[in-house]
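Asker: Sequence:
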Amino acid sequence: MKIIMLGAPGAGKGTQAKKIAEKYHIPHISTGDIFRANIKNGTELGKKAKAFMDQGLLVPDELVVDLVADRLAQVDCADGCVLDGFPRTIPQAEALTKALAGMGQKVDFAINVEVPDENIITRMAGRRACVGCGATYHLKYAPTKTGDICDTCSGELILREDDKPETVKKRLEIYHEQTQPLIDYYTKEGIIKEVDGTQDIDVIFVEIEKILTQ
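The sequence shown begins at 303 in the working numbering and counts up by one.
Worth flagging that the hints you see were computed from the coordinates, not collected in a lab. Fair warning: there could be bad hints in the mix.
[To be verified] Taking lysine to aspartate or glutamate pairs in the EDC-like style, the calculated list, with each CA pair at most 16 Å apart, reads:
#, residue 1, residue 2
1, 471, 419
2, 352, 364
3, 304, 378
4, 490, 410
5, 400, 491
[Stated by the list, open to error] Cβ pair distances, simulated, as ranges:
#, residue 1, residue 2, range
6, 365, 407, 15 to 23 Å
7, 440, 326, 21 to 29 Å
8, 442, 364, 36 to 44 Å
9, 424, 338, 26 to 34 Å
10, 505, 424, 17 to 25 Å
From the three backbone atoms N, C-alpha and C, an ideal C-beta is built for every residue, glycine too.
All chains, please: the whole structure from these sequences, using the hints.
Answerer: Right, here's the structure in full:
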């Protein structure tokens, strides 16, 4: 069961991807994790990716797809996986379809977690990150036990630059321009499924479970 999670930054697709992975005992895969693992292990693909990242450049689509395809070919993905944050563009989606076809596989579900922009801007403004260990919290949905102190290391919590309203608005503009066409792509493929991301986290997951067991 190959699943792609779609949705704007802050829509909660990462949270749902983790819940799916835990429930169905399949890997939760993000491109960030793949990059870090390959760079840490000094693989040829990792070295290539690092060369671009060290220059502050985006890793080319062809290399990203190679990294993802390499990850999907590993033993723990035999029963499926959840892809979170990839593909982001139509060329990436087309390359992924081709790479999977080469392995005799395909994407089974593309789940779009739909949340209005204004909800996302408000939601992300409530996020806080620890400057010490990087743990993340939310003022409303996942608060700390004591004020602005990290539960794990007692470090200071901050509102990251990425989560500030003006930054989020820019990220949403990029999402609508580049990534939202993926919904049309996977609609044509006949595998798109929509869920209302404004609901409670557990309610959303129940909806996703129904989709996956149809």
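Asker: Look at each hint and say if it fits the structure.
Answerer: Now for the hints, and whether the structure bears them out:
1. 471 <-> 419: Given pair residue 471, residue 419 holds - Cα atoms ~8 Å apart, limit 16 Å.
2. 352 <-> 364: holds (15 Å)
3. 304 <-> 378: holds (12 Å)
4. 490 <-> 410: holds (13 Å)
5. 400 <-> 491: The given pair, whose Cα atoms are some 13 Å apart, holds under the 16 Å limit.
6. 365 <-> 407: 15 to 23 Å: Holds - the Cβ-Cβ distance for residue 365 and residue 407, about 20 Å, lies within 15 to 23 Å.
7. 440 <-> 326: 21 to 29 Å: holds (26 Å)
8. 442 <-> 364: 36 to 44 Å: holds (41 Å)
9. 424 <-> 338: 26 to 34 Å: At 30 Å between Cβs, range holds.
10. 505 <-> 424: 17 to 25 Å: holds (19 Å)
When held up to the earlier numbered hints, the structure conflicts with none and fits them all.
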